[in-house]
Amino acid sequence: MKQTRDRIGDLPDGILHYILSLLPMKTAVTTGILSRRWRDMWKNTWVNVTKLVFDEEFINAQTQIQFVEAVNRFINLSNGKKNGKKIESFLISFHLHDQHQSSVEKWIEFIILQGIEELDLDFSHGITLGELDDLHGSFIKLPEILFSCNTLMHLNLSLCEFNLPVDFSGFISLETLQLKRVTITDEKLENVIFSCPHLKTLSLIQCFKLHSIRIVGPDLQLKSLKVVHCWNTYEIEILAPNLQSFHFYGDLLYGYSFENVSALVDVFMSSEGFEHTEPEHDYINILSSLSHLKILTICSGPLMYISSMEEYNRDDLPITFPNLKELQLQIGFLNMEYLGYVFSFFKHTLENSNTSDASTKWDLWKPVELPPSCVFAALRTIKIKNFHGSEAEMRLVEFVLEKAFILESLVLVSTHNSYSGGESGDMRKMDSPVECVSQSFQTQLRILEDQLESLPKASVGAKIIILCEEWKDESTPFPTHTECNAELLN
Amino acid sequence: MSSTKIFLKSSDDKTFEIDETAARASETLKNIIDGGCLDGVIPLPNVSSNILPKVIEYCKKHGGDNGSSKKIANGGVDKDKEILPDYDEEEDKREKVRVDELKKWEEEYMDFDQQVLYDLMLAANYLHIKGLLDLTVEKAASMIRGRTPDQIRENFNINSDFTPEEEEEMILIEDEWDDEWAFD
Chain P
1 MKQTRDRIGD LPDGILHYIL SLLPMKTAVT TGILSRRWRD MWKNTWVNVT KLVFDEEFIN
61 AQTQIQFVEA VNRFINLSNG KKNGKKIESF LISFHLHDQH QSSVEKWIEF IILQGIEELD
121 LDFSHGITLG ELDDLHGSFI KLPEILFSCN TLMHLNLSLC EFNLPVDFSG FISLETLQLK
181 RVTITDEKLE NVIFSCPHLK TLSLIQCFKL HSIRIVGPDL QLKSLKVVHC WNTYEIEILA
241 PNLQSFHFYG DLLYGYSFEN VSALVDVFMS SEGFEHTEPE HDYINILSSL SHLKILTICS
301 GPLMYISSME EYNRDDLPIT FPNLKELQLQ IGFLNMEYLG YVFSFFKHTL ENSNTSDAST
361 KWDLWKPVEL PPSCVFAALR TIKIKNFHGS EAEMRLVEFV LEKAFILESL VLVSTHNSYS
421 GGESGDMRKM DSPVECVSQS FQTQLRILED QLESLPKASV GAKIIILCEE WKDESTPFPT
481 HTECNAELLN
Chain E
1 MSSTKIFLKS SDDKTFEIDE TAARASETLK NIIDGGCLDG VIPLPNVSSN ILPKVIEYCK
61 KHGGDNGSSK KIANGGVDKD KEILPDYDEE EDKREKVRVD ELKKWEEEYM DFDQQVLYDL
121 MLAANYLHIK GLLDLTVEKA ASMIRGRTPD QIRENFNINS DFTPEEEEEM ILIEDEWDDE
181 WAFD
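Going down the list, the sequences are from chains P and E. Just so we're aligned, residue 1 is where the first sequence starts under the UniProt record's numbering, counting upward by one. Just so we're aligned, residue 1 is where the second sequence starts under the UniProt record's numbering, counting upward by one.
Please keep in mind that the hints were generated in silico from the structure rather than gathered at the bench. No experiment lies behind these values; they were computed from the predicted model shown. Careful: at least some of the hints might be erroneous.
[As the list claims (entries may be wrong)] Calculated lysine to aspartate or glutamate pairs in the EDC-like style (CA-CA distance at most 20 Å, straight line):
| # | chain 1 | residue 1 | chain 2 | residue 2 |
| --- | --- | --- | --- | --- |
| 1 | E | LYS130 | P | ASP13 |
| 2 | E | LYS93 | P | GLU408 |
| 3 | P | LYS209 | P | GLU161 |
| 4 | P | LYS209 | P | ASP186 |
| 5 | E | LYS139 | P | GLU161 |
| 6 | E | LYS130 | E | ASP150 |
| 7 | P | LYS43 | E | GLU169 |
| 8 | P | LYS294 | E | GLU91 |
| 9 | P | LYS26 | E | ASP19 |
| 10 | P | LYS43 | E | GLU20 |
| 11 | P | LYS463 | E | GLU169 |
| 12 | P | LYS188 | P | GLU144 |
| 13 | P | LYS294 | E | GLU90 |
| 14 | E | LYS130 | E | ASP19 |
| 15 | E | LYS139 | P | ASP10 |
| 16 | P | LYS26 | E | ASP12 |
| 17 | E | LYS96 | P | GLU408 |
[Said to hold, decoys possible] Residues from chain P that keep clear of chain E, each with C-beta distances beyond 12 Å, as calculated:
| # | residue |
| --- | --- |
| 18 | ILE19 |
| 19 | ASN335 |
| 20 | THR443 |
Idealized CB from N, CA, C, for every residue including glycine.
Taking the hints into account, I'd like the entire structure generated from these sequences.
So, in structure tokens, the structure goes:
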């Protein structure tokens with residue numbers, strides 16, 4: 001009865017192909033030497049595969065040449081054998097420079113004929129920002145044929161040259177576009193936005209040739225815009241009636257312009273780490289055009305600006321956020337000075353039962369006073385980044401807990417090095433399988449937790465959560481507020 | 001809501017009862033029911049009484065709630081939601097609870113040995129129960145992923161039936177691939 005039978009080999013081809021299709025290519029190819037039953041199985045699976053993934057998992061290639069040859073092999077295998085099956089998605093994640101231009105062109109030519117919908121070319125895999133300069137612009141140039149592809153819905157490009165052909169008539173199916181380290185100019189970007197009628201999500205990351213970004217069009221379908229570390233950008237102009245989410249992370253801009261953004265509910269504007277620069281532009285003007293926001297993330301720049309305006313006795317600043325549900329503060333180190341900025345922001349922007357209360361005016365030389373009359377009418381989530389447990393922070397936490405009546409979560413984010421003493425451990429990371437918290441650190445944490453729990457709360461059910469988020473990817477804003485938000489909704 | 005009962009007969013002539021709503025989780029059974037030629041008992045000559053209760057258990061969990069089970073199958077995350085904060089948070093929480101509960105159920109349900117895995121894959125394939133096929137095939141794939149050929153052979157009792165000449169040929173082909181492929 002206990003005879004060892006090769007039962008997996010008895011399974012019908014369909015099931016074996018299904019199993020093989022779930023394996024990384026490297027493993028799938030390995031199965032070819034198991035037995036006769038398996039010898040050509042993976043090749044037949046391969047020709048019917050609709051998602052091609054060429055990443056580090058796919059091959060242990062040491063050099064660009066090895067990688068390119070392996071991809072060529074696979075492409076040749078499928079070439080001409082596709083039985084009407086299209087390739088829906090194609091992903092490359094390997095650093096290649098322009099020496100392999102002709103191979104890349106062949107791959108793109110091939111997949112376009114297969115009705116590609118999702119194309120992800122990450123040629124900057126493993127390349128740090130510092131190494132970028134050493135490449136001397138030897139980037140892959142996207143071939144013209146790509147720009148005539150009508151089936152593309154998602155395009156994700158990294159480290160390549162984006163040269164629109166003169167007769168570019170738009171990607172008519174394109175919904176998401178992400179450009180990272182892509183050489184694209186202001187004019188070309190504007191052309192793309194103008195000629196992709198269904199574009200809903202646009203991310204621009206480390207695109208250094210962008211100076212003035214214009215996202216303008218009364219008919220734009222764009223819902224989400226992300227601009228991260230485009231260092232040479234000095235202004236952003238937005239006129240997009242369907243835009244719901246705008247995330248900006250990077251050095252201070254000299255000009256923001258928001259017009260016709262009635263759908264915008266989520267704004268992330270952070271220049272954290274660049275605060276030494278004096279804010280040059282009128283945040284009051286910017287923020288007052290965003291009064292319908294539900295989610296707001298800001299750094300200290302706007303807070304400082306609002307504070308400084310108070311000195312001109314502008315107590316009637318036209319900024320309110322009556323619908324604000326979530327607020328995230330990104331302040332490098334929250335001391336008493338910055339606490340003053342935060343409080344004057346609260347005083348002016350949140351529901352204020354008594355606006356004529358001028359006695360709470362912030363003065364650098366006076367002790368920080370709480371704005372007594374303001375309440376958080378709609379706030380459900382407050383997230384404070386770089387939490388150390390300092391006195392100023394504890395006062396902020398106290399204040400928030402006392403004033404936010406329907407608060408659900410107060411999230412305190414500690415970053416890797418934010419605790420003094422340079423402990424290497426994380427704080428408590430929620431749901432994290434990795435626990436690398438040192439003993440003294442845990443003690444410290446427990447004391448802090450006890451302190452926090454004993455504070456009086458206006459909203460009895462409010463949870464206080466201590467998170468540790470590590471900044472893994474230099475190209476994304478940190479911490480990613482919406483992701484944390486999703487986490488909190490469980 | 002009471003549901004019509006359906007009777008299924010296994011290959012070894014044992015009869016099992018299942019609610020019609022649950023049976024509809026199987027495309028094959030659904031077609032038979034909708035085809036109207038339902039005459040008391042549906043014979044399933046390819047499914048034995050060892051495995052049929054296990055299949056029925058899956059159908060009971062997944063039949064009947066077609067609308068919401070789809071969402072769960074997609075991991076419960078709607079791409080649009082991320083950029084559209086104006087959704088019903090309460091509904092989202094309930095959804096999350098449902099997904100978590102289902103994941104836990106799946107974990108317990110999938111705790112069985114390799115022989116059951118083969119039978120379930122075959123039954124799910126035959127009865128066209130996509131969710132169950134996805135689940136079982138993924139389990140099989142996870143037993144192969146990241147393993148060397150020898151480990152896979154041992155794990156699944158696969159005997160290499162290549163002749164010595166073929167074996168040599170395979171090695172040659174392997175060597176060719178090895179130019180680019182370094183199996184670790």
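For the pair supplied as a hint, LYS139(E) and GLU161(P), confirm whether the alpha-carbon distance does not exceed 20 Å.
violated (42 Å)
Would the hint linking LYS294(P) and GLU90(E) be met if the CA-CA limit is 20 Å?
Status holds; Cα separation ~17 Å.
Decide if the proposed pair is consistent with the structure: LYS209(P) and GLU161(P), CA atoms, cutoff 20 Å inclusive.
holds (11 Å)
Would you mind confirming whether the straight-line C-alpha gap from LYS130(E) to ASP150(E) stays at or under 20 Å?
violated (31 Å)
Given pair status - GLU169(E), LYS463(P), alpha carbons within 20 Å
Outside the cut-off at roughly 65 Å; violated.
THR443(P) non-interfacial with respect to chain E [C-beta, more than 12 Å]:
Label holds. Min Cβ-Cβ 32 Å, cutoff 12 Å.
20 Å limit on alpha-carbon distance, applied to hinted pair LYS26(P) and ASP19(E)
The hint is violated at about 44 Å.
Are the Cα positions of LYS139(E) and ASP10(P) separated by 20 Å at most?
holds (17 Å)
Mind verifying the non-interface call on ASN335(P)? Its CB should be farther than 12 Å from each CB in chain E.
For ASN335(P), whose nearest Cβ neighbour in chain E is about 32 Å away, the distance exceeds 12 Å, so it holds.
Are the Cα atoms of LYS43(P) and GLU20(E) separated by 20 Å or less?
violated (41 Å)
Measure nothing beyond the straight line between the CA atoms of LYS188(P) and GLU144(P); if it is 20 Å or shorter, mark the hint as holding.
holds (14 Å)
Below or equal to 20 Å on CA atoms is what counts here, so check LYS294(P) against GLU91(E).
Roughly 18 Å between the alpha carbons, so the hint for LYS294(P) and GLU91(E) holds.
Hint check: violations occur at hints 5, 6, 9, 10, 11, 16, 18; the rest are consistent with the structure.
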